[in-house]
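Peer 1: 1 is the number of the first residue of the sequence shown in our numbering; add one for each residue after it.
Hint data in this document are derived by calculation from the structure and do not stem from the laboratory.
Among these hints, one or two may not hold up.
What the hints assert, rightly or not - Derived Cβ-Cβ restraints for the label pairs, each shown as a range: (1) Ser145 - Lys29: 11 to 21 Å; (2) Glu120 - Asn67: 41 to 51 Å; (3) Leu167 - Gln32: 22 to 32 Å; (4) His25 - Ser145: 47 to 57 Å; (5) Pro23 - Gly177: 38 to 48 Å; (6) Glu120 - Arg22: 19 to 29 Å; (7) Trp55 - Arg84: 20 to 30 Å; (8) Leu167 - Thr12: 31 to 41 Å; (9) Gly177 - Ser146: 19 to 29 Å.
Keep in mind the model is a prediction, meaning the values are calculated, not measured.
Note that the Cβ used here is the ideal one computed from N, Cα and C, for glycine as well.
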Amino acid sequence: MQLRFSDFVLDTDTRQLRRGSRPVHLSPKAFQLLELLAERRPSAVSKDTLFTLLWPDTFVVEANLSNLVGEVRAALGDNPRRPRFVRTVHGFGYAFSDKQQSEGTARPQRSDVLYQLVWEHGRATFGEGEHVLGRDPVLEVCLDSSSVSRRHARLHIADGVAMLEDLGSKNGTLVNGERATRAVRLSDRDQIDVGSVRLRFRILAGQPSTETTGSG
């Protein structure tokens, strides 16, 4: 796929960034970061998600991501105070500007996909976006259990990619029996344990809507 923005072309097939006819140097990891942000445009991507995808199974300090963002911005001539391309989403992560045109493979349309969490006393059905799981009754996914923190975990879905991250809960979050220490990518029928509450993640077909029922 070729993504054109301003006078740049990001070619994901040849793994090149070009400005006009001139190649622009990016380290492999910085190119991967730019590709990840561009693929998920205009959605913001959390830092935890970026750490998981860029450095799987490896612990790195937050400065590594900041340095990569700086490298991408320098290559694009982007001003971090007034960014045209790579925008900082404070307290969350980064997003790529939506002002561009694509050639080749079009972005997949996800308007016909629904996502669902099912547990013993309820279910929640929703489209893409950010959904917080917890004991707080105002939440979209309310889990009435003393083992669940008020804001326990966050499910972020964009462009068909579902990522689950624990929000520093007391009793932790598990995906398929493994503790989620960083954002975890979900697949259909994955098992999620939020405290003592067990849920099943489902990917469904249908028209986007929001329907939530729970135990209160």
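Peer 1: Take the hints in turn and mark each one as holding or not.
Peer 2: Quick rundown of the hints versus the structure:
The supplied range of 11 to 21 Å is broken by serine 145 and lysine 29, whose beta-carbon atoms lie about 41 Å from each other. Distance hint for glutamate 120 and asparagine 67: a CB-CB separation of about 45 Å, consistent with the stated range 41 to 51 Å. Here the CB-CB span from leucine 167 to glutamine 32 is close to 26 Å, well matched to the stated 22 to 32 Å. Range check, histidine 25 to serine 145: Cβ separation about 52 Å, and the 47 to 57 Å hint holds.
Checked against the given bound of 38 to 48 Å, the beta carbons of proline 23 and glycine 177, roughly 46 Å apart, stay inside it. Range check, glutamate 120 to arginine 22: Cβ separation about 59 Å, and the 19 to 29 Å hint is violated. Take tryptophan 55 and arginine 84: their Cβ atoms lie about 27 Å apart, and the range 20 to 30 Å holds. Taken as a hint, the range 31 to 41 Å holds for the pair leucine 167 and threonine 12, whose Cβ atoms sit roughly 33 Å apart.
Range check, glycine 177 to serine 146: about 22 Å between beta-carbon atoms, so the 19 to 29 Å window is met.
Hints 1 and 6 from the list above are not met by this structure, while the remaining hints are.
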